[in-house]
Every structure is written in structure tokens, then in C-alpha cells.
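Asker: Residues per chain are reported as follows:
Number of protein chains: 2
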Amino acid sequence: MPWLNQIKWNVDGLIPVITQEFDSNQVLNLAWMSKESLTLSVKKGYVIYWSRSRKKLWNKGEQSGHKQLIKHINLDCDDDTLLIKVEQIGGIACHTGRHHCFYQKLQNNKWITTYGVLKDPKEIYV
Amino acid sequence: MPWLNQIKWNVDGLIPVITQEFDSNQVLNLAWMSKESLTLSVKKGYVIYWSRSRKKLWNKGEQSGHKQLIKHINLDCDDDTLLIKVEQIGGIACHTGRHHCFYQKLQNNKWITTYGVLKDPKEIYV
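Protein sequence lines, in the order shown, are assigned to chains E and F. Under the numbering used here, read the first sequence as residues 10 to 135, first letter to last. Under the numbering used here, read the second sequence as residues 10 to 135, first letter to last.
Among these hints, one or two may not hold up.
[What the hints assert, rightly or not] Chain E residues, not near chain F, derived (Cβ > 10 Å throughout): (1) Gly22; (2) Lys53; (3) Lys65; (4) Glu71; (5) Asp87; (6) Lys114.
[Claimed, not checked] Selected chain E positions facing chain F (in silico; Cβ < 7 Å): (7) Ile27; (8) Asn83; (9) Leu84; (10) Thr105; (11) Lys119; (12) Trp120.
[Said to hold, decoys possible] Here are some, though not all, of the chain E residues that point toward chain F, as calculated from beta-carbon distances under 8 Å: (13) Met10; (14) Trp12; (15) Gln15; (16) Gln29; (17) Asn38; (18) His81; (19) Leu92; (20) Ile98; (21) Gly100; (22) Cys103; (23) Leu115.
No lab work stands behind these hints: they were computed from the structure. Model, not experiment: these values are computed from the prediction. We put the beta carbon where it would ideally sit given N, CA and C, even for glycine.
Just need the whole structure built from these sequences, with the hints factored in.
Answerer: Here you go:
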């Protein structure tokens with residue numbers, strides 16, 4: 010597919026993906042995709058990342074139900090970063106049970122936790 | 010500085026940085042920071058990345074005047090990605106002369122350019 014080949018995959022065959030909630034515009038998380046995971050995501054209509062730690066496809070929300078339904082996929086000027094706008098099912102993108110992953114804020118030379126969990130991870134991953 | 014040491018720098022000593030416009034919530038670009046560039050950014054109040062291609066500090070906007078003034082710095086749950094909210098001076102973050110870098114949109118298996126340049130790069134980089 011020419012559109013896949015336009016992407017400049019890194020030395021590990023991956024591209025960073027910024028995932029943003031389409032209605033709130035909140036940036037939810039940064040993750041990575043391989044050619045296979047991007048192809049599958051487009052086909053299925055929801056986000057499937059590549060897990061660099063587990064070295065396998067990461068079907069986000071498979072266990073928790075918190076899938077990310079794809080609204081738009083955008084590519085940057087250098088063809089090496091994706092921005093995907095999604096509907097976040099359940100309103101929880103973070104494995105800590107929070108809406109998004111960027112809840113630590115730099116304040117007076119400390120990382121302050123800006124808000125608490127919406128759902129206990131023990132209840133999410135049963 | 011303990012807050013710097015909490016960050017999980019990658020094998021190259023870098024962290025990916027998502028830069029988002031604080032008023033519009035538009036994601037402007039993805040770039041990278043070293044410990045030195047993050048320290049300098051915090052000190053100066055505007056964004057200084059690490060250029061992976063040029064292997065040196067990248068004082069964004071130094072030539073164009075399109076600096077990114079820092080409003081907030083957030084760190085994700087895994088301590089390995091930054092989200093920085095900025096005021097984008099001149100309204101142009103992309104080297105192509107566009108507001109942001111994510112102007113290519115996937116549509117019918119093609120990357121469509123969704124909008125044009127606001128300013129000719131030849132006028133930006135004189």
C-alpha cells in the first residue's frame with residue numbers, strides 16, 4: 010500500500026503515535042505502531058498498538074473494554090509521527106484508571122499528581 | 010535534580026515531547042529533548058529540543074522567531090513521555106509554514122493535504 014510506504018518507520022520498524030480524544034482534544038497517551046498494527050487498526054476501526062516491552066501487538070482495551078475508536082489518522086510533515094483522533098470508550102485511556110496518562114505536572118521542581126483515578130485498576134483488569 | 014531523574018530517558022538519553030497549543034489544544038509537533046535541553050527549556054521558559062538529525066540543541070524559533078513559550082509541562086504515567094503546553098508565537102509551528110505539522114490526513118488510502126501554508130518558508134527562514 011503506497012500510503013503505508015510513505016511512512017518513515019524507525020530502525021525498529023515503528024512509528025510514534027499521539028492519541029488525542031476527538032471531542033475534548035485531550036492528549037490521551039503516546040504509544041507505538043508497527044506496519045502490521047497500523048494496517049490492523051485501519052481495518053478494524055480501533056487502535057491496535059505495538060507493545061515495545063512485550064514485543065507483540067497490543068490490542069488496547071481488549072481486557073478492559075476501553076477501546077479507542079478511530080475518527081481520523083494524521084501524519085506529520087516528516088512522515089515519521091502519527092496523530093490519531095479517537096473516541097475513548099469508558100473515558101479511561103490510562104492503565105492507572107485515569108482519563109489520560111499525562112497527570113503529572115511540573116510545579117516548583119516537583120511532579121505533582123493533578124488528579125486521581127476514575128476507576129480502580131483492580132476493577133478494570135479482572 | 011530529582012524531578013529530572015524521575016524521567017526514564019531512552020537509550021539515547023532522550024524523551025519524546027508532544028507539544029500542544031494551550032488555547033486551541035491543537036497538537037503542534039512531536040520532537041525530542043535531552044536532559045540538557047529540558048533543563049534549558051525550564052530555565053528559559055521556551056522550548057529547546059534536541060535535534061536527532063543534527064545531533065545538537067535545537068532552539069526552536071531562533072531563526073524564524075516562532076518560539077514556543079511554555080505554559081505547563083506534564084509527564085506521563087510511565088515517566089517516558091512529556092506533554093508540553095505552549096503559546097506558539099506567530100501561530101506557525103511547522104517548518105513548512107503551517108500552523109502545525111499534522112496536515113496530512115488518511116482518506117481513501119491516501120494522505121491528503123488538509124490545508125495550505127500560512128507563510129512561505131522562504132520568508133520565514135531568511
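Asker: Hint by hint, say whether it matches the structure.
Answerer: How the hints compare with the structure:
1. At the 10 Å boundary, the C-beta of E:Gly22 stays outside the reach of chain F, the nearest C-beta of that chain being 16 Å off.
2. Listed as a non-interface residue, E:Lys53 keeps its Cβ farther than 10 Å from every Cβ of chain F; the least gap is roughly 14 Å.
3. Separation of E:Lys65 from chain F is adequate, the least Cβ-Cβ distance of about 18 Å exceeding the 10 Å criterion.
4. With a least CB separation of 19 Å from chain F, E:Glu71 remains clear of the 10 Å interface cut-off, as annotated.
5. Distance to chain F contradicts E:Asp87 as a non-interface residue, since its nearest Cβ pair spans about 7 Å, not more than 10 Å.
6. At roughly 5 Å, the least C-beta separation between E:Lys114 and chain F is not larger than 10 Å, which violates its mark as non-interface.
7. Interface restraint check: E:Ile27 against chain F, minimum CB-CB distance 5 Å, threshold 7 Å, status holds.
8. Restraint check, E:Asn83 versus chain F: the minimum CB separation of about 4 Å is within 7 Å; hint holds.
9. For E:Leu84, the shortest C-beta to C-beta distance to chain F is roughly 4 Å, which falls under 7 Å, so the interface hint holds.
10. Against a cut-off of 7 Å between C-beta atoms, the interface hint on E:Thr105 holds, since the closest Cβ of chain F lies about 5 Å away.
11. The beta carbon of E:Lys119 comes within 6 Å of a beta carbon in chain F, closer than 7 Å, and the hint placing it at the interface holds.
12. Annotation: interface hint on E:Trp120 holds; nearest CB of chain F at approximately 6 Å, less than 7 Å.
13. With a least beta-carbon distance of about 6 Å to chain F, the hint placing E:Met10 at the interface is held under the 8 Å criterion.
14. Given hint, E:Trp12 at the interface with chain F, holds; its Cβ is 5 Å from that chain's nearest Cβ, closer than 8 Å.
15. Checking E:Gln15 against chain F: minimum C-beta separation of about 6 Å stays under 8 Å; hint holds.
16. Among the interface hints, the one on E:Gln29 holds; its C-beta lies about 6 Å from the nearest C-beta in chain F, closer than the 8 Å criterion.
17. Checking E:Asn38 against chain F by beta carbon gives a least distance of about 7 Å; that is within 8 Å, so the hint holds.
18. At about 6 Å, the closest approach between the beta carbon of E:His81 and any beta carbon in chain F falls short of 8 Å, and the interface hint on this residue holds.
19. Look at E:Leu92: its Cβ gets to within about 4 Å of chain F, closer than 8 Å, so that hint holds up.
20. Taken as an interface hint, E:Ile98 does not check out: its beta carbon lies about 19 Å from the nearest beta carbon of chain F, beyond 8 Å.
21. Hint status for E:Gly100: violated, given a least beta-carbon distance of 16 Å to chain F, over 8 Å.
22. Hint status for E:Cys103: holds, given a least beta-carbon distance of 5 Å to chain F, under 8 Å.
23. Hint status for E:Leu115: holds, given a least beta-carbon distance of 4 Å to chain F, under 8 Å.
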